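Given the coordinates of chain A, work out where chains B, C and D should sit on it, guided by the hints.
Chains as they are written, first to last, in the working numbering: chain A, 1 to 264; chain B, 1 to 264; chain C, 1 to 356; chain D, 1 to 356.
It should be emphasised that the hints constitute simulated quantities derived from the structure, not laboratory data. Fair warning: this is a prediction, and the values are worked out from it, not measured in the lab. Glycine included, C-beta positions come from ideal geometry on N, C-alpha and C. Hints may be right or wrong, so weigh each one.
In silico contact screen, one side only, chain C against chain B (beta carbon under 8 Å); selected entries [what the hints assert, rightly or not]:
(1) T8
(2) H95
(3) F104
Listed next, the stretches of chain B that the computed footprint assigns to chain C, with coverage defined by at least 3 CB atoms under 8 Å from CB atoms of chain C [what the hints assert, rightly or not]:
(4) 39-48
(5) 142-149
Under 8 Å between C-beta atoms, here's a sample of chain D residues computed to sit facing chain C [said to hold, decoys possible]:
(6) V251
(7) H253
(8) I256
(9) E258
(10) I287
(11) S288
(12) S294
(13) A296
(14) R297
(15) S301
(16) E303
(17) V307
(18) T329
(19) R331
(20) A350
(21) S351
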Amino acid sequence: MLIKESTLKIVTISVTLLLAIFILSLLSGIVTHTSLQSLLASIASKEIRFAIKLSLITSVISTLMCIAVAIPAAYALARYDFFGKTLIQTIVDLPLALPPIVAGVGLLLIFGTTSFGAWLSSSGLKFVFTPYGIIIAQFTVNISFMLLIMRSTFEGISPRYEYVAQTLGCNPVQAFLQTTLPMSKNGLIAGGIITWCKGIGEFGAALMLAGAIRMRTETLPISLYLNMSCGDLDLAMAAATIMIIISVVSLYIFELYARHTQLY
Amino acid sequence: MLIKESTLKIVTISVTLLLAIFILSLLSGIVTHTSLQSLLASIASKEIRFAIKLSLITSVISTLMCIAVAIPAAYALARYDFFGKTLIQTIVDLPLALPPIVAGVGLLLIFGTTSFGAWLSSSGLKFVFTPYGIIIAQFTVNISFMLLIMRSTFEGISPRYEYVAQTLGCNPVQAFLQTTLPMSKNGLIAGGIITWCKGIGEFGAALMLAGAIRMRTETLPISLYLNMSCGDLDLAMAAATIMIIISVVSLYIFELYARHTQLY
Amino acid sequence: MPGILNYTNMIRIENVSKDLGEFKLNDATLQIDEGEYFIILGPTGAGKTILIETIAGIYRPDSGRVFLDKTDVTNVLPKDRQISMVYQDYMLFPHLTVEGNIGFGLRQKKVDKSEIKAKTNEITDLLGISHLLGRYPGTLSGGEKQRIAIARAVVTEPKVLLLDEPLSALDSRTTERLSAELARIHKLMGTTTIHVTHSFEEAFALGDRIAVMCGGRIIQVGTPDEVFRRPNSKFIADFVGVANLFRGRSVVHDDISEVRIDGISVVSSTVASGDVSVSIRPEDILISKREIDSSARNSFSGEITEVKDMGGIVRTVVDVGLPFVVALTKRSYEDLRLAPGTRVCIAFKASGVHIF
Amino acid sequence: MPGILNYTNMIRIENVSKDLGEFKLNDATLQIDEGEYFIILGPTGAGKTILIETIAGIYRPDSGRVFLDKTDVTNVLPKDRQISMVYQDYMLFPHLTVEGNIGFGLRQKKVDKSEIKAKTNEITDLLGISHLLGRYPGTLSGGEKQRIAIARAVVTEPKVLLLDEPLSALDSRTTERLSAELARIHKLMGTTTIHVTHSFEEAFALGDRIAVMCGGRIIQVGTPDEVFRRPNSKFIADFVGVANLFRGRSVVHDDISEVRIDGISVVSSTVASGDVSVSIRPEDILISKREIDSSARNSFSGEITEVKDMGGIVRTVVDVGLPFVVALTKRSYEDLRLAPGTRVCIAFKASGVHIF
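Pulled out of the complex, with its shape left as it was, chain A reads as follows (with noise of 0.2 Å):
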């Protein structure tokens, strides 16, 4: 009988929805968890709203340095043949792939206890416990997805916007600024959306490197930790609600941008 199809159909949608329903009470389970009121009592505490500012700080810069590195890079590997190229784009995906906390120790090493990490921190630059650490391990942490996600939308754009371009006056740099960078805006806004998404959420890299001071490395994650293991609750759900409304909105735009490039 027909009503076998429908046995699939319901097993498997029935899964779906369980998965949902998971997702759902996990985020729940948070945002309702302490009343609505000590919840904003709680945002609106001095460490939260430090933990936010820090949060959305360290957060835009190292999204505009992975913008910043990704766009050349992308371009290069969309648009040149050059030497060892396979092996270039593996190492520069391998970030993807790697643990943000052996990435963050990584970082220690090289900052810590290098000379050339000396030579930077007498030159003011220090990055070991400092706000400076937590941008660098978001950037190391996300440069490999920012620039997955420019190169699939360079290459989904064809070279002879720019060829054209070139015949009507522009030298290669212009012609690229001109046609391939503006036609890439949906792939740009789409993945650096969930680059910032990503670098507010980034725990393991920026302990490692920047450590968990409260009110001095304290971005949300770092607050969420550091009040869970006090067991100060509140303030803990106050952190962890943020975030969650972050990736719900980030996600969306994320969605209605990447709809529009060839990344999926």
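Leaving out everything else, chains B, C and D in the frame of chain A:
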């Protein structure tokens, strides 16, 4: 002069090379931080062997769980239309954007504070501060990624293969198992390997739910964290080195198989 | 059309409707007899594929009933219908060898391995694809893939064979060869066959009967002659064109085919023998009041029976034993002072006679 | 071919080679005169696009030199060459309006806003696309996009205009219209134009001279008549076919075109007036020893000057003032007892005369 085109080429390729050098120096800093001999001795130590074993077991189990849930859910999302599909799709994508540490806190609240958690605990399924917690944390963080890969794989396969199999004597489930599923081999391998690799490296969510308890919930990233905290650099580098090797190999296999899927 | 009760209907569908959004089927009723080669003809988007997929049981109709061999199968799973399907793009399972593909249906039915082997060999010998058994589909040509898809469908000895545009993805030479092959298989096996196409040449050459579809509806059912000579609507007349389509028996000598059609004999430079279909474009036929002595190898005399003014072009029907449609410019028509009843000669070159 | 020193060469390329892996250019040498409409004709993959992209300066040649208006531009950036390019798939910038697209080149040259406006209006009036200025390219038809791409290219008043298969992505009616448009623009502006195509009808209709390419090499250069009547290789003969291609002047009366070609007059049912190109397929011409009185509106007598046996088909050239190639079956040829020198009549219908 045409030399200007080379300028764009030289600049963009240089940025790519600098990025590759930065990433390589992160890794080589870790791998070369101790001597090969002490590295091998550390890897052979009881603690690191425990961490390797626990990481392998938990990540393999969580990957199998991801596959078991992702296949039916991805099939439902790829093949059927149902009420509320867009909303459900966004919910099951959420862990892609959610910080792992927030997911970990959510899991801790469900299993540690609700009557559902208490009931599970009383029937022998304790997740808080146990290896089971590591498995469920890895599952929660990785399920959306596996789902994304499987959905895009299924969407790339015409449903008519299943129709033909049905006319040849299969019921719908058999038709799926004998056509679409084996044809999804590449996506399944690519998704499985990257999910496994991300499971091995999972830190934030596991830390919140299972804690960092030496020789009990000590996976490789937890071991790295514990040994960095107490200053045992030899053991820390051993854990980090193993994770680097796993990442490189996984990424290589992933790129090998993902090239044949519709993903990028 | 035959009465429902007096014939053995293999397939009967009654008032079947199905809405898939993009495509739809609207109140379709149809009877197909046992052993018939039935054509469903229509333009892209007419609902042809959804009709045969509904017959196969892929979709359950929104309303209406489907009968197979007198049994109501409206709610029966495809696997229990004994209906096989061949899609335009073959849908060979890429992870199985040719042998694995052909044996797929028999394995589902838990047939003995040795029997699967025997049946596979039999059908592949018949279709001339035995040498491909160990290959994977990815490496094969379109014509080879098509034969394997047909072998996979018929090896299970289905009651009904559904063919969805089986020839349209192939180049024209392969199309001609496979078209003959389909006729041969049907003759040999006698399986009731439903063949979906948008080509009226295919429909004319292969069909015992034809159903014409448009916009999800079946708008005419009949023999090829009924549909092509007496289209019941302007849509069908426009769609099939008013073409010179005939059937005859061809004999080849000296690289020239001579086709006997109802007593007259037409010469073609296409080489093909046996029972064939023939088409001649109305524009390729010359008309004259005197005998034509030229390089045109086909020359007949007859009487104008019909004249239709199409604007700049006049279509006349000249009966020379067969009705030939001849197109000429209005000016020529007037210059030659033609009219219904005029006796004329028509001529066309052997290269203008297309055999398929 | 004209001597290099006596003419004003706008473009001269000497022994240019470029290897892009998939496509390549092999030792190409070519001179193109000022104001010429030059066609590069060849099948897909012949290296036509890479040749014009090298002329535009997109690629720097591996070896050889490129001269523009007597200056060596081999190492000059595209932006400093004053060469504009129109691609087959238009490459309109999707993020700019039609006005933004057309003004793009002038903005790069820091031209005054008011002057950009004036020049844009002038060219869009000329091409009949003024009503589209505020639209974005995504919403336009193929023919509209093509005109905008041409407007964008010519508004900067380039020394050379490169057209890469400008008509092949369009339907046949639009192709005919735009083909006439290209001829008109060229006449009006006099810009040296290089037009890449794989259609020999386009080449014949538009080209002052033609270069035929194959496998990255230029294998013949000459006027259309030279290339089509006296192909210098079997490849060109096969590629262009042995077709009846002529140029003439057409006058329309009563929905019929009458084309005067070198003293003889051919009637066509395609309606077009002015200077036109005409083709008649050799298979569509009837040959006879006696006068042919039929519905065929074109009838001439002449003498067989050439006979070529192609297997089952014989190709004869009949000189009736113009050389017509006529194809007939060997059997007809023998039955009619034809030979070089035989006086014959040829006839073809007005519907067989294609004007483009």
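These are the hints, each one checked on the structure:
| no. | hint | verdict |
| --- | --- | --- |
| 1 | T8 | 22 Å, violated |
| 2 | H95 | 5 Å, holds |
| 3 | F104 | 5 Å, holds |
| 4 | 39-48 | violated (count 0) |
| 5 | 142-149 | violated (count 0) |
| 6 | V251 | 15 Å, violated |
| 7 | H253 | 10 Å, violated |
| 8 | I256 | 6 Å, holds |
| 9 | E258 | 11 Å, violated |
| 10 | I287 | 5 Å, holds |
| 11 | S288 | 4 Å, holds |
| 12 | S294 | 4 Å, holds |
| 13 | A296 | 6 Å, holds |
| 14 | R297 | 6 Å, holds |
| 15 | S301 | 13 Å, violated |
| 16 | E303 | 16 Å, violated |
| 17 | V307 | 13 Å, violated |
| 18 | T329 | 5 Å, holds |
| 19 | R331 | 6 Å, holds |
| 20 | A350 | 5 Å, holds |
| 21 | S351 | 5 Å, holds |
Consistency with the previously given hints fails for numbers 1, 4, 5, 6, 7, 9, 15, 16, 17, ordered from lowest to highest.
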